[in-house]
Amino acid sequence: MDTIKTQVRKYVMDNFLMGAFPEELRDEDSFMGRHVLDSVGVLELISYLEQTFGIKVEDEEMVPDNLDSLNCVARYLQRKLAMVTA
Amino acid sequence: MGRSLDARAVALSAAVLDIDCAEESARIARALVEIVSRTLHRRGVVVALSGGVDSSVCAALAVRALGPQRVLGLLLPERDSSSAASMLGRLVAEQLGIEHHVEDIGATLEAIGCYRWRDEAIRSVFPAYGSGWLSKIVIAGGAQGGVNFFKLVVQSPSGEVLERRMPAKEYLQIVAATNFKQRIRKTLEYFHADRLNYAVVGTPNRLEYDQGFFVKNGDGAADVKPIAHLYKTQVYALARHLGLPREVCCARPTTDTYSMPQGQDEFYFALPYEQMDLALWALNHGLSAAQLAPAIGVTPAQAENVYADIRAKRRTTAYLHRAAQLVSAVGEISAP
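Read top to bottom, the protein sequences are chains Y and E.
Mind the numbering: the first sequence is residues 8 to 93 in this note's numbering, read in order.
Mind the numbering: the second sequence is residues 33 to 368 in this note's numbering, read in order.
No lab work stands behind these hints: they were computed from the structure.
Mixed in with the good hints, there may be bad ones.
[Unchecked claim] Here are the simulated lysine to any residue pairs, SDA-like style, with alpha carbons at most 20 angstroms apart:
1) E:Lys201 with Y:Asp66
2) E:Lys201 with Y:Gly48
3) Y:Lys63 with E:Ala172
4) E:Lys201 with Y:Glu51
5) Y:Lys63 with E:Phe158
6) E:Lys257 with Y:Gly61
7) E:Lys248 with Y:Gly48
8) E:Lys201 with Y:Cys79
9) Y:Lys87 with E:Lys248
10) E:Lys201 with Y:Tyr55
11) Y:Lys63 with E:Ala200
12) Y:Lys63 with E:Lys183
13) E:Lys183 with Y:Asp21
14) E:Lys183 with Y:Val70
15) E:Lys257 with Y:Gln58
16) E:Lys201 with Y:Lys87
17) Y:Lys63 with E:Lys248
18) E:Lys201 with E:His132
19) E:Lys201 with Y:Glu57
20) E:Lys183 with Y:Gly48
21) E:Lys201 with Y:Ala89
22) Y:Lys87 with E:Pro199
23) Y:Lys63 with E:Arg197
24) E:Lys183 with Y:Asn22
25) E:Lys201 with Y:Met90
26) Y:Lys63 with E:Leu352
27) E:Lys201 with Y:Ile62
28) E:Lys248 with Y:Gln85
29) E:Lys183 with Y:Asp66
30) E:Lys201 with Y:Phe60
[Unchecked claim] Reference excerpt, derived from the structure (chain E facing chain Y, CB under 10 angstroms, subset only):
31) Arg96
32) Pro100
33) Arg102
34) Ala172
35) Gly178
36) Ser190
37) Lys345
Treat the numbers as computed from the prediction; the structure is a model and nothing was measured.
Ideal Cβ placement from N, Cα and C applies to all residues, glycine included.
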């Protein structure tokens, strides 16, 4: 879980904050609430998750509970990856 | 003032959007005269006529303010424009008695790569897409409490309709390509404005302006936006007051940008404009989602989703409203 979170954090920091503001984002911070991601940013995040982790994000899974913080993404990914390996 | 929010909520209906059309059109006309002559120092205005209610009302208000001889109408169709829209634009220009030009921008868009870039992105989602196929983009997610995303809908020559969620790259490329349409139109509007020493009128209504439903440096570019403070319902009321053609007063808002018929609510807004107007008004006046819900016929949870969607679009499109950012202020030049 921590490895996933570290990997996603690096992507978010590099892609959306140009790697310049590491103090900006705690694990529980809302991406959208902190204006780190907007709706297009979420689409980019989804493309990254699908390509990097080999999952398919379904339309009905595109909700803030799955995607709007590092904690949310890590939990969601863990569930998805468990389904893939099950 | 004086009525509590609760009392207003009981009465929340389309009536909150009622305006005195005679007074409002006179007020806008006075403002237009002041802005065009004393702020912008121009001799008249250019209005691009789409055939829709917003541009028609703007043109009619400009004629009322400045007279028909100081208003130039432009009809700027392209390959995907509906012929009905062009016909309505021409009807409005003729009724208002203004000089107008029709310039088909299809060849310019072809030359600049608009259709090629768009079709390339569409084909990466639907490889069979080609000649004779139609397409459009529809929004999903936000009104249901999810994250907004866009689906690409295509129709084959045999009539089969397919739809699929677009990845970020393809979505951005299709939007970027179709934005050529608004930007080429604006280039022509400013050409005519420059040669006549006129100002360019932007035609967004309040919903579009608030929610960022415009192309930066495309239809979002203008010298004056006379109806940006008016809810869509109020624009329709002004259209009727100003005696615009019945077809304009009754037309449902469309994008007229994609080859398949597409309502604005399908492309961008969570709900049809009548409900969006009320939702935006209610949010702007501090009403809760529970107070809004019965007025637009949804559950309180759905109304909360609508509020969240309005706020999300404001955040996402804030950049569209921003002028170029300076690293250091240039004190001698004040922002208007």
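Outcome of the hint check:
no., hint, verdict
1, E:Lys201 with Y:Asp66, "holds, 17 angstroms"
2, E:Lys201 with Y:Gly48, "holds, 11 angstroms"
3, Y:Lys63 with E:Ala172, "holds, 18 angstroms"
4, E:Lys201 with Y:Glu51, "holds, 8 angstroms"
5, Y:Lys63 with E:Phe158, "holds, 18 angstroms"
6, E:Lys257 with Y:Gly61, "violated, 48 angstroms"
7, E:Lys248 with Y:Gly48, "holds, 18 angstroms"
8, E:Lys201 with Y:Cys79, "violated, 24 angstroms"
9, Y:Lys87 with E:Lys248, "violated, 38 angstroms"
10, E:Lys201 with Y:Tyr55, "holds, 11 angstroms"
11, Y:Lys63 with E:Ala200, "holds, 14 angstroms"
12, Y:Lys63 with E:Lys183, "holds, 16 angstroms"
13, E:Lys183 with Y:Asp21, "violated, 27 angstroms"
14, E:Lys183 with Y:Val70, "holds, 16 angstroms"
15, E:Lys257 with Y:Gln58, "violated, 44 angstroms"
16, E:Lys201 with Y:Lys87, "violated, 23 angstroms"
17, Y:Lys63 with E:Lys248, "violated, 33 angstroms"
18, E:Lys201 with E:His132, "violated, 39 angstroms"
19, E:Lys201 with Y:Glu57, "holds, 13 angstroms"
20, E:Lys183 with Y:Gly48, "holds, 16 angstroms"
21, E:Lys201 with Y:Ala89, "violated, 28 angstroms"
22, Y:Lys87 with E:Pro199, "holds, 19 angstroms"
23, Y:Lys63 with E:Arg197, "holds, 12 angstroms"
24, E:Lys183 with Y:Asn22, "violated, 24 angstroms"
25, E:Lys201 with Y:Met90, "violated, 27 angstroms"
26, Y:Lys63 with E:Leu352, "violated, 31 angstroms"
27, E:Lys201 with Y:Ile62, "holds, 18 angstroms"
28, E:Lys248 with Y:Gln85, "violated, 39 angstroms"
29, E:Lys183 with Y:Asp66, "holds, 10 angstroms"
30, E:Lys201 with Y:Phe60, "holds, 18 angstroms"
31, Arg96, "violated, 39 angstroms"
32, Pro100, "violated, 43 angstroms"
33, Arg102, "violated, 41 angstroms"
34, Ala172, "holds, 7 angstroms"
35, Gly178, "holds, 5 angstroms"
36, Ser190, "violated, 26 angstroms"
37, Lys345, "holds, 8 angstroms"
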